[in-house]
Amino acid sequence: MSMSSAPRSGSLAPYLFVLPATVLFVAYVVYPILYVICSSAYRWDGINQATFTGLANYIRLFTHDPAFVLAIRNAVLWAPLTILPQMLLGFAIAYMLETGVPRQAIYQAIFYLPAIISPVVVGIVWQRIYNPFGGLLSDIGFASGLRFLTVPFLSDTKVAIYAVIAVNVWQWTGFSMLLYVAGLKGLPTETLEAAKIEGATLRQTIVYVVWPMLRHVHLTLILLGVIGTLQTFPLIYMLTNGGPNHATESLPNYIFLQAFKLQSMGYASAISVVLMVIALALSLFQVRVLGARFALAE
Amino acid sequence: MATVELRRVDKTFGTHQAIQGLDLSIADGEFVALVGPSGCGKSTTLRMIAGLEGVSGGAIVIGERDVSHLPARDRDIAMVFQSYALYPHMTVAENIGFGLKLRGTRRSRIAELVDEAAETLQLKEVLGRKPKELSGGQRQRVAMGRAMVRHPQVFLFDEPLSNLDAKLRVHMRAQIKKLHRQLTTTTIYVTHDQTEAMTLADRIVVMNHGRIEQVGTPHQLYGAPVSKFVAGFIGSPEMNFLEAVVDEAAATCDLTFADGSRLSLGEAHVGLPAGRPVTLGIRPEHLHLAGPGDPQDARLSGVVEVIEPLGADTLIHVIVAGRTLVARLAAEVGDRIALGVDRTRAHLFDPASGLTL
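Quick note, the sequences are listed as chains A and B, same order.
Taking the working numbering, the leading residue of the first sequence gets 1, the next gets one more, and so forth.
Taking the working numbering, the leading residue of the second sequence gets 1, the next gets one more, and so forth.
Some hints here could point you the wrong way.
DMTMM-like cross-link-like pairs, simulated, lysine to aspartate or glutamate; straight-line CA separation at most 20 angstroms [as the list claims (entries may be wrong)]:
{"id": "1", "chain 1": "A", "residue 1": "196", "chain 2": "B", "residue 2": "74"}
{"id": "2", "chain 1": "A", "residue 1": "196", "chain 2": "B", "residue 2": "165"}
{"id": "3", "chain 1": "B", "residue 1": "101", "chain 2": "B", "residue 2": "115"}
{"id": "4", "chain 1": "B", "residue 1": "132", "chain 2": "A", "residue 2": "45"}
{"id": "5", "chain 1": "B", "residue 1": "124", "chain 2": "B", "residue 2": "159"}
{"id": "6", "chain 1": "A", "residue 1": "196", "chain 2": "B", "residue 2": "115"}
{"id": "7", "chain 1": "A", "residue 1": "196", "chain 2": "B", "residue 2": "116"}
{"id": "8", "chain 1": "B", "residue 1": "130", "chain 2": "B", "residue 2": "115"}
{"id": "9", "chain 1": "A", "residue 1": "196", "chain 2": "A", "residue 2": "65"}
{"id": "10", "chain 1": "B", "residue 1": "177", "chain 2": "B", "residue 2": "165"}
{"id": "11", "chain 1": "B", "residue 1": "178", "chain 2": "B", "residue 2": "116"}
{"id": "12", "chain 1": "A", "residue 1": "196", "chain 2": "B", "residue 2": "332"}
{"id": "13", "chain 1": "B", "residue 1": "130", "chain 2": "B", "residue 2": "76"}
{"id": "14", "chain 1": "B", "residue 1": "177", "chain 2": "B", "residue 2": "119"}
{"id": "15", "chain 1": "B", "residue 1": "130", "chain 2": "A", "residue 2": "190"}
{"id": "16", "chain 1": "B", "residue 1": "124", "chain 2": "B", "residue 2": "165"}
{"id": "17", "chain 1": "B", "residue 1": "178", "chain 2": "B", "residue 2": "159"}
{"id": "18", "chain 1": "B", "residue 1": "101", "chain 2": "B", "residue 2": "66"}
{"id": "19", "chain 1": "A", "residue 1": "196", "chain 2": "B", "residue 2": "119"}
{"id": "20", "chain 1": "B", "residue 1": "178", "chain 2": "B", "residue 2": "30"}
{"id": "21", "chain 1": "B", "residue 1": "177", "chain 2": "B", "residue 2": "159"}
{"id": "22", "chain 1": "B", "residue 1": "178", "chain 2": "B", "residue 2": "119"}
{"id": "23", "chain 1": "B", "residue 1": "101", "chain 2": "A", "residue 2": "193"}
{"id": "24", "chain 1": "B", "residue 1": "167", "chain 2": "B", "residue 2": "193"}
{"id": "25", "chain 1": "B", "residue 1": "177", "chain 2": "B", "residue 2": "116"}
{"id": "26", "chain 1": "B", "residue 1": "101", "chain 2": "B", "residue 2": "76"}
{"id": "27", "chain 1": "B", "residue 1": "177", "chain 2": "B", "residue 2": "193"}
Only some residues are given here: those of chain A computed to face chain B with a beta carbon under 10 angstroms [said to hold, decoys possible]:
{"id": "28", "residue": "75"}
{"id": "29", "residue": "79"}
{"id": "30", "residue": "190"}
{"id": "31", "residue": "191"}
{"id": "32", "residue": "195"}
{"id": "33", "residue": "196"}
{"id": "34", "residue": "200"}
{"id": "35", "residue": "201"}
{"id": "36", "residue": "209"}
{"id": "37", "residue": "212"}
{"id": "38", "residue": "215"}
None of these hints come from the bench; they were simulated from the model.
None of the values given here were measured: they were computed from a predicted structure.
Ideal placement from N, C-alpha and C gives every residue a C-beta, glycine not left out.
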């Protein structure tokens with residue numbers, strides 16, 4: 001008896017196999033997206049009858065909402081200012097650990113520790129560290145005379161966003177380090193030895209050989225970093241709640257504010273749609289143009 | 001170009017002594033092959049010369065300089081690796097010119113030298129390609145181009161042809177030989193393939209357990225091996241070995257095998273005490289079908305078990321004295337044949353030490 005591997009025409013079997021995944025995908029991804037897109041065309045508080053307003057929410061968003069503009073500005077600042085330092089610090093730590101530090105597993109665990117702590121806990125801890133009245137930084141500042149450490153980091157509109165970004169870098173550098181450690185372990189030893197024989201100094205080896213050969217780790221970190229930027233919520237919520245005066249507002253934080261505190265569900269939906277379009281466009285750009293994918297080696 | 005000298009070089013990894021008191025002098029422009037089985041220390045020796053491994057004792061001298069404790073980049077050597085070790089993100093031209101760029105050579109000069117190397121190695125068509133777009137042979141040539149473009153004092157090759165298929169290996173072997181004739185740079189070549197060593201090298205260093213067993217020209221190693229190990233390692237197919245005992249006869253060296261059969265080596269090897277156990281070594285090409293001219297006591301009889309036609313000639317496996325002997329002869333499976341032994345080419349080894357008697 002022979003069995004054909006090709007499905008018979010009109011057979012339902014292949015569709016039945018993909019049905020569970022399709023049902024889940026439609027229920028949890030497609031339906032919410034469509035629901036949010038529809039909601040964005042209404043003025044709605046989430047409880048009472050919604051009123052159709054067409055593109056009014058979008059017009060308001062782009063013409064009369066300085067908080068939204070601040071949230072976009074913060075996202076633009078947030079992405080490079082978190083991704084780049086995390087990459088550079090993560091690489092530096094990984095490279096140092098990989099080239100001759102005894103008991104490197106212990107150091108790796110220590111550096112990775114912040115990444116496994118809940119952002120809520122991180123937020124509480126750093127709020128205390130930043131506290132200008134008795135916080136660790138201000139105490140050090142007063143004791144040592146380093147006055148710049150005594151500024152109210154989280155309540156100064158000019159400084160707050162950088163203070164939050166610094167905490168984010170602190171939390172996620174260990175994760176970058178881990179990916180770089182994996183990437184470095186995957187580099188062919190003979191290629192590095194070839195560079196050594198050709199006369200490369202440590203700096204030249206890093207700049208011309210190691211760093212370019214870790215391209216896939218860089219792209220993976222950028223991809224994850226950009227997605228992370230657009231999803232940042234708990235850390236900002238705990239540290240500043242988007243303040244002072246929206247100075248640290250992020251798009252997810254602003255959506256939360258509009259939807260659940262100001263009960264503008266329709267308006268929050270419009271912001272969500274904009275966030276979705278930005279995320280989609282950035283992801284497509286990275287995958288299609290930069291060739292980013294989740295990989296540690298070529 | 002330069003001489004290379006290894007003086008009582010030792011290398012230990014933890015408690016394991018990988019290299020023991022290695023002494024070796026390589027002349028200016030010489031092509032020397034280091035051969036031996038896996039783990040014999042040949043690659044470690046090459047890596048110590050390259051500066052990729054430190055020495056635990058002794059000294060390595062290149063030219064007039066003791067380079068034992070110099071970093072690899074200051075030794076003025078170039079190395080071709082088994083895996084090619086090309087930089088995957090650079091083009092062929094960038095790969096070849098990388099060493100020059102590191103040394104601050106002018107861009108126009110780099111282009112000139114890269115072009116020259118590409119011309120020699122027939123790589124001009126692929127200068128703009130990345131390594132992953134090249135065939136194995138092309139990658140190997142890029143690795144060689146990268147080595148030769150700097151005009152180093154010494155070339156080091158670490159099993160450079162192992163990743164290539166048999167046909168390409170033969171082709172690349174010829175290329176390496178041609179290149180050495182052109183450049184006359186001192187070359188040290190590590191391989192486990194004795195054919196490669198025999199065809200390429202001016203002198204071969206046979207290594208075993210971190211020591212040098214014998215150094216000599218391919219002809220010397222083939223014709224006068226100092227030990228059973230060297231005799232077995234050099235030559236393809238390898239030398240046949242038969243355990244035997246020396247007979248009482250004094251005027252000639254007569255051997256008796258385990259099954260009672262006998263062989264007289266004539267006047268060669270006379271003087272060994274009677275009753276002494278020995279290992280007889282005879283190469284497949286030194287056995288022939290016995291004819292009327294072969295004395296009765298210089299023959300070994302056996303039954304053909306396997307034949308291996310190679311095209312130009314045939315190898316046969318013959319059961320003699322309970323052991324399989326390989327001979328380069330034509331016969332049929334099942335034939336009972338008498339093998340004539342070229343007595344002047346027979347070797348005797350001490351079974352305990354493996355040294356030539």
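- Query: What are the numbers of the hints that this structure violates, sorted from low to high?
  - Reply: Hints 2, 4, 5, 6, 7, 9, 12, 13, 16, 18, 19, 28, 29 are the ones this structure does not satisfy, whereas the remaining hints hold.
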